[in-house]
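S.K.: Here are the chains, one letter per residue:
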Amino acid sequence: MITKHKYDVWGTVTILITLFYVAFLVVPLGMIFYQAFFDKETHMLTMDYFIKFFSNKYYFMTLLNSLAVSLSVTVLAVLIGVPLGYFFAVYRIRGKRFMEVLILIASVSAPFIGAYSWILLFGRSGVVTAALSTIGIEMPSIYGFWGIVLVLTFRMFPLIFLYVQGAMKNVDESLLEASESLGRTKIQTFFTVVLPLITPTILAGSLLVFMRAMSDFGTPMLIGGGYRTFPALIYTQFMSEISGDDGFASTIAIIAIILMAIIFMVQRLAANKFSFKMNALHPVTISEHTNWSKVLVHIFTYVTIAIAIIPQVYVIYTSFKNTNGLIFVDGYSFMSYTQAFDKLGSSIWNTIRIPAIALLVIVLFSILIAYVTVRRRTKATGALDIVSMIPYIVPGSVIGIAFSITYRNPWFTVPGLALMLIALVLRRMQYTIRSSVATLSQIPISTEEAAISLGASKFKTFFSVTMPMMSAGIISGAILSWISLITELSSSIILYTTKTQTLTVAIYSQVLRGNYGIAAALSTILTVLTIISILISMKVSDGRKKEKN
Amino acid sequence: MKVNITIKNAVKKYGNNTVISGMNVKVKGGEFFTLLGPSGCGKTTLLRMIAGFNSIEGGDFYFNDKRINQMDPGKRNIGMVFQNYAIFPHLSVANNVAFGLKNRKISKEQLPIETDKFLKLMQIFEFRDRMPDKLSGGQQQRVALARALVIKPAVLLMDEPLSNLDAKLRVEMRGVIKEIQNKMGITTVYVTHDQEEAMAVSDRIAVLNKGEIQHIGTPKDLYQRPANLFVATFIGRTNIFEAELNKTILTLKDGFSVKLNNLIDEKHSGKVQLSVRPEEFVITDDKDSIHAVIDDSIFLGLNTHYFAHIAKTNEKIEIIQESSISNIIPRGTKINVKLNLEKINLFDESGDQNLILGVKNDNEA
Numbered sequence: 000m001i002t003k004h005k006y007d008v009w010g011t012v013t014i015l016i017t018l019f020y021v022a023f024l025v026v027p028l029g030m031i032f033y034q035a036f037f038d039k040e041t042h043m044l045t046m047d048y049f050i051k052f053f054s055n056k057y058y059f060m061t062l063l064n065s066l067a068v069s070l071s072v073t074v075l076a077v078l079i080g081v082p083l084g085y086f087f088a089v090y091r092i093r094g095k096r097f098m099e100v101l102i103l104i105a106s107v108s109a110p111f112i113g114a115y116s117w118i119l120l121f122g123r124s125g126v127v128t129a130a131l132s133t134i135g136i137e138m139p140s141i142y143g144f145w146g147i148v149l150v151l152t153f154r155m156f157p158l159i160f161l162y163v164q165g166a167m168k169n170v171d172e173s174l175l176e177a178s179e180s181l182g183r184t185k186i187q188t189f190f191t192v193v194l195p196l197i198t199p200t201i202l203a204g205s206l207l208v209f210m211r212a213m214s215d216f217g218t219p220m221l222i223g224g225g226y227r228t229f230p231a232l233i234y235t236q237f238m239s240e241i242s243g244d245d246g247f248a249s250t251i252a253i254i255a256i257i258l259m260a261i262i263f264m265v266q267r268l269a270a271n272k273f274s275f276k277m278n279a280l281h282p283v284t285i286s287e288h289t290n291w292s293k294v295l296v297h298i299f300t301y302v303t304i305a306i307a308i309i310p311q312v313y314v315i316y317t318s319f320k321n322t323n324g325l326i327f328v329d330g331y332s333f334m335s336y337t338q339a340f341d342k343l344g345s346s347i348w349n350t351i352r353i354p355a356i357a358l359l360v361i362v363l364f365s366i367l368i369a370y371v372t373v374r375r376r377t378k379a380t381g382a383l384d385i386v387s388m389i390p391y392i393v394p395g396s397v398i399g400i401a402f403s404i405t406y407r408n409p410w411f412t413v414p415g416l417a418l419m420l421i422a423l424v425l426r427r428m429q430y431t432i433r434s435s436v437a438t439l440s441q442i443p444i445s446t447e448e449a450a451i452s453l454g455a456s457k458f459k460t461f462f463s464v465t466m467p468m469m470s471a472g473i474i475s476g477a478i479l480s481w482i483s484l485i486t487e488l489s490s491s492i493i494l495y496t497t498k499t500q501t502l503t504v505a506i507y508s509q510v511l512r513g514n515y516g517i518a519a520a521l522s523t524i525l526t527v528l529t530i531i532s533i534l535i536s537m538k539v540s541d542g543r544k545k546e547k548n
Numbered sequence: 000m001k002v003n004i005t006i007k008n009a010v011k012k013y014g015n016n017t018v019i020s021g022m023n024v025k026v027k028g029g030e031f032f033t034l035l036g037p038s039g040c041g042k043t044t045l046l047r048m049i050a051g052f053n054s055i056e057g058g059d060f061y062f063n064d065k066r067i068n069q070m071d072p073g074k075r076n077i078g079m080v081f082q083n084y085a086i087f088p089h090l091s092v093a094n095n096v097a098f099g100l101k102n103r104k105i106s107k108e109q110l111p112i113e114t115d116k117f118l119k120l121m122q123i124f125e126f127r128d129r130m131p132d133k134l135s136g137g138q139q140q141r142v143a144l145a146r147a148l149v150i151k152p153a154v155l156l157m158d159e160p161l162s163n164l165d166a167k168l169r170v171e172m173r174g175v176i177k178e179i180q181n182k183m184g185i186t187t188v189y190v191t192h193d194q195e196e197a198m199a200v201s202d203r204i205a206v207l208n209k210g211e212i213q214h215i216g217t218p219k220d221l222y223q224r225p226a227n228l229f230v231a232t233f234i235g236r237t238n239i240f241e242a243e244l245n246k247t248i249l250t251l252k253d254g255f256s257v258k259l260n261n262l263i264d265e266k267h268s269g270k271v272q273l274s275v276r277p278e279e280f281v282i283t284d285d286k287d288s289i290h291a292v293i294d295d296s297i298f299l300g301l302n303t304h305y306f307a308h309i310a311k312t313n314e315k316i317e318i319i320q321e322s323s324i325s326n327i328i329p330r331g332t333k334i335n336v337k338l339n340l341e342k343i344n345l346f347d348e349s350g351d352q353n354l355i356l357g358v359k360n361d362n363e364a
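Each protein sequence line maps, in turn, to chains A and B. Each residue of the first sequence is one higher than the last, beginning at 0 in numbering that gives the first Met the number 0. Each residue of the second sequence is one higher than the last, beginning at 0 in numbering that gives the first Met the number 0.
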């Protein structure tokens, strides 16, 4: 319901946040539009770039390639993630907690690290490839379409898993019991009751996977071989000094944004159609199963998680190998680490410093945005809600390019650190906004009314009632934001300067140079950082649970 | 000082949809006043207008002589109990209760004393350090009440506070609420859709339907002399018959007729609607009566309920008799029933007006 509100401090908040989005989202994207539609010299409206894109199969194919990759990855991730999430809810799985940690680690690693590890294992001169060829088995090539799909699927299914696991907590046990009491088997119940109930969640997760796969830049660059996807094309068009063309890069960016917007809207419509209100009084619990099904479930779980985690483990392993120049040699030491610290030690500090500042901004903005969009529904805040979703459909490389074009011009230059920070805030704020909004929408407004009726000011009500009740949502969102901040590559690779180089950027450039030892050492450090983040977050959420009990 | 509430011509609109148009209510100081009606009748809307959580599109709201239309809810000095209790989930029981005190100028020494006093009053002192999610529904209800009362509000507002409790607890808690209200003598406005609950706790009740007040009066007035047919059917159970009135002679469809001597207008003739509560039927041996046949019976200890139909017209009736030692009348038995003429009510054809003398209605509209 839209009601009129008196103009107060929240009005000012809305205006300030809107200005931020205008300056750093609307204007840069507007610049991209301008570049795509107007000729550089004559400033006349032109469709030349679009004609160039659609008439040249080389360019046009990148779009189809991206679609093919993203669709395959989404379908496969759902096929793996949904059963896994269901099994975790209803089966007693040995080492469940440890498996969950492994899945989390797999889900938060930078995708391109997975790609480069798969290359080390199964690439042209990979360890496994070499070993197999000595006994006469030729491995199919890891490069190209299937390589990208493999890497991304095992990187993305954990997202579906986590979504489904969350949704299963909202399915009431009595629904399953009702179904079984009406004569359905467990499997029938899964397909006719559980699956429909968690479909909205699966759709939401699928969209996330699709968007991520679509805009992922590192994986196809490394493992794509000749298979080119459009984020790679945008990057090369923009970065290459010789054949590059900003205008053409912008055009591809526009096409990508439109495509992703369409997919986003289709998903929204579908999700609305399937949405349910669920609130489990008695969440689904572990139930009895036949022994053979338990065995199968365990095999499925362990194998899947093993494949997902192998790249991480192998990278850690190689980081301790001795190197000679660019090649790994026998023996183990901390050589790679020493070299990494000597050359790129600052990137570690940057990876903590820059995301930490970004996270502070994100948390502050998210709380304010959540409050104005949930509690102060007006046309203005409704628009803000929509605008805050835009970064969801804009690939990181496009944000990077848009910022470069807009804020590094002949007249003025915004410092690299600021640009990187703002790009990070824009791109990774979604998680915190969404979870803050979700939490706030579930808090009955009567709780705040109770505080006001007891004489608390609006200000006090916000800080002493609303914020503490939102804190669980804010924290869980902030953790997601944080982890995605420290593994961000696509916008940083365009906006970084020598002083603001982060771990992901350093790893990526070392991999490109063939410096696998240093890359492995840096990757290991990044993995350790993410694992520490995950463990802290688990401690925090466990602590909260205990506090309640 | 006891605060009275005066509402003049209250108007509530959602967009172009008017849900309350020109409602007038006066709540006396210290009174337990209940807004009763089916869902969607506007009772919660009116309560939230008094609290200040709903905007007021027209009319004047007064606490004593002070107009409160534009006053912030926090300044109205109200204690509010919400349907879902709205306990702060992140605060302990004691901190929930102390929340309102902390917004008032109260000394550090006095704060725990006041808090504990009300925790004890509501018999939740032993839970003072617990978190709300470790409390049962009834205990949460007690916390909500203690939190609303500890600030010594001028007016206590309760929005269906018992609807989330099970039947037994509901009966227990309404006793608690009534007792506390009596003890503190605080002006209370209570919203419910449960007529039995309303009768149990209220000094006076306003029956609402479709955004309009039907009748304001004591539970006894409402039950015995309802202002209109809606009130007669909404409060308690009743049998409705179409009948003919010829001056003072009332004739039922099956031909039975009686002379009434408590009509407001002894010259009125025409179609009327007769309301007979189940206990206002008298089973008799007198043949000059309504002939009916027993269909079924329920023995409820104190009373026995009979379901019957009138022989000639097939109209279903419900009869309540005090249980007797002799046998329950078996199914199929033909019986004769008469009306307790002092108690029955008669309405005009539209059901808008009670034609019997003695209706007490404080509704000024």
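Hints were generated in silico from the structure; no laboratory data involved. Take these hints with a grain of salt, some might be off.
Per the computed footprint, the stretches of chain A lying under chain B, defined by three or more beta-carbons under 8 Å from a beta-carbon of chain B, are [said to hold, decoys possible]:
id	region
1	126-138
2	439-446
3	450-456
Beta-carbon label-pair distances, calculated as ranges [claimed, not checked]:
id	chain 1	residue 1	chain 2	residue 2	range
4	A	Q441	B	K1	38 to 46 Å
5	B	R103	A	V360	14 to 22 Å
6	B	E195	A	N169	52 to 60 Å
7	B	K116	A	F273	47 to 55 Å
8	A	N169	B	S135	56 to 64 Å
9	A	V265	B	I105	40 to 48 Å
10	B	D132	A	R407	50 to 58 Å
11	A	V360	B	K1	28 to 36 Å
12	B	N163	A	T11	35 to 43 Å
13	B	S135	A	S292	34 to 42 Å
14	B	R129	A	V265	22 to 30 Å
15	A	N169	B	I263	56 to 64 Å
Below 30 Å or equal to it, Euclidean Cα-Cα: the simulated DSS-like pairs (lysine-lysine) are [to be verified]:
id	chain 1	residue 1	chain 2	residue 2
16	B	K209	B	K116
17	B	K342	B	K258
18	B	K65	A	K459
19	A	K457	B	K209
20	A	K457	B	K107
21	B	K116	A	K457
22	B	K25	B	K1
23	A	K459	B	K151
24	B	K119	A	K459
25	B	K104	A	K459
26	B	K1	A	K457
27	B	K151	B	K133
28	A	K378	B	K219
29	B	K133	A	K457
30	A	K459	B	K107
31	A	K95	A	K39
32	A	K95	A	K293
33	A	K459	B	K209
34	B	K209	B	K258
35	B	K104	A	K457
36	A	K538	B	K133
37	B	K258	A	K459
38	A	K95	B	K133
39	B	K133	B	K116
40	B	K219	B	K182
Beta carbons are placed, not taken as given, at the ideal position from N, Cα and C, and that holds for glycine.
S.K.: All hints are to be evaluated individually against the structure, with a verdict given for each.
M.R.: Here is how each hint holds up against the structure:
For the region 126-138 of chain A, the proposed coverage by chain B is not satisfied: 0 residues have a C-beta within less than 8 Å of a C-beta in that chain, short of the threshold of three. Residue count for the region 439-446 of chain A with a Cβ under 8 Å from a Cβ of chain B: 3. That meets the three needed, and the coverage hint holds. For a cut-off of 8 Å, the count of residues in the region 450-456 of chain A with a CB near a CB of chain B stands at 7, and the three-residue condition holds. In this structure, Q441(A) and K1(B) meet the distance hint of 38 to 46 Å, their C-beta atoms being roughly 39 Å apart.
For the pair R103(B) and V360(A), the supplied restraint of 14 to 22 Å is violated, since their beta-carbon distance comes to about 37 Å. In this structure, E195(B) and N169(A) break the distance hint of 52 to 60 Å, their C-beta atoms being roughly 36 Å apart. At roughly 52 Å, the beta carbons of K116(B) and F273(A) sit within the given window of 47 to 55 Å. Separation of N169(A) from S135(B) is about 23 Å and departs from the stated range, judged on CB atoms against 56 to 64 Å.
Remark: the range hint 40 to 48 Å for V265(A) to I105(B) is contradicted by a beta-carbon distance near 58 Å. D132(B) and R407(A) have their C-beta atoms about 53 Å apart, which keeps the hinted 50 to 58 Å range intact. About 53 Å separates the C-beta atoms of V360(A) and K1(B), a value inconsistent with the hinted range of 28 to 36 Å. For N163(B) paired with T11(A), a C-beta distance near 39 Å keeps the hint of 35 to 43 Å intact.
In this structure the supplied range 34 to 42 Å holds for S135(B) paired with S292(A), their Cβ-Cβ distance being about 39 Å. Checked against the hint of 22 to 30 Å, the C-beta distance between R129(B) and V265(A) comes to roughly 48 Å, which is inconsistent with it. Separation of N169(A) from I263(B) is about 60 Å and conforms to the stated range, judged on CB atoms against 56 to 64 Å. For the hint pairing K209(B) with K116(B), the CA-to-CA distance comes to about 42 Å; that exceeds 30 Å, so the pair is violated.
A distance of roughly 14 Å separates the Cα atoms of K342(B) and K258(B); the hinted pair therefore holds under the 30 Å criterion. Under the criterion of a C-alpha separation no larger than 30 Å, the hint pairing K65(B) with K459(A) is consistent with the structure, at around 26 Å. For the hint linking K457(A) to K209(B), the alpha-carbon distance of about 33 Å lies beyond 30 Å, and the restraint is violated. Annotation: proposed proximity of K457(A) to K107(B) holds, straight-line Cα distance about 23 Å (limit 30 Å).
With a CA separation close to 28 Å, the supplied pair K116(B) and K457(A) stays within the 30 Å bound. For the proposed pair K25(B) and K1(B), the alpha carbon gap of about 14 Å is at most 30 Å, so the pair holds. With a CA separation close to 21 Å, the supplied pair K459(A) and K151(B) stays within the 30 Å bound. As the CA atoms of K119(B) and K459(A) are separated by approximately 28 Å, the hinted pair is consistent with the 30 Å bound.
Among the hinted pairs, K104(B) with K459(A) is consistent with the structure: their alpha-carbon atoms are about 15 Å apart, no more than 30 Å. Between K1(B) and K457(A) the CA atoms are separated by roughly 28 Å; this keeps the pair inside 30 Å, and the hint holds. The hinted pair formed by K151(B) and K133(B) meets the criterion: a straight-line CA distance of about 27 Å does not exceed 30 Å. For the hint pairing K378(A) with K219(B), the CA-to-CA distance comes to about 51 Å; that exceeds 30 Å, so the pair is violated.
At roughly 28 Å between alpha-carbon atoms, K133(B) and K457(A) fall within 30 Å of each other, so this suggested pair holds. Taken as a hint, the K459(A) and K107(B) pair is honoured in the structure, with Cα atoms around 19 Å apart against an allowance of 30 Å. Under the criterion of a C-alpha separation no larger than 30 Å, the hint pairing K95(A) with K39(A) is inconsistent with the structure, at around 58 Å. Simply put, K95(A) and K293(A) have alpha-carbon atoms about 13 Å apart, close enough for the 30 Å limit, and the pair holds.
Of the pairs offered as hints, the one joining K459(A) and K209(B) is violated, with about 38 Å between alpha carbons and a cut-off of 30 Å exceeded. Proximity of K209(B) to K258(B) is assessed by CA-CA distance (about 35 Å); at most 30 Å being required, the pair is judged violated. For the proposed pair K104(B) and K457(A), the alpha carbon gap of about 18 Å is at most 30 Å, so the pair holds. For the suggested pair K538(A) and K133(B), the alpha carbons sit about 22 Å apart, so the restraint of at most 30 Å is met.
Taking the CA atoms of K258(B) and K459(A), the gap is about 68 Å. The hint is violated against a cut of 30 Å. The hinted pair formed by K95(A) and K133(B) meets the criterion: a straight-line CA distance of about 28 Å does not exceed 30 Å. Among the hinted pairs, K133(B) with K116(B) is consistent with the structure: their alpha-carbon atoms are about 22 Å apart, no more than 30 Å. Distance restraint check for K219(B) and K182(B): the Cα-Cα separation of roughly 23 Å lies within the 30 Å cut-off, and the hinted pair is therefore satisfied.
Violated hints for the displayed structure, listed by number in ascending order: 1, 5, 6, 8, 9, 11, 14, 16, 19, 28, 31, 33, 34 and 37.
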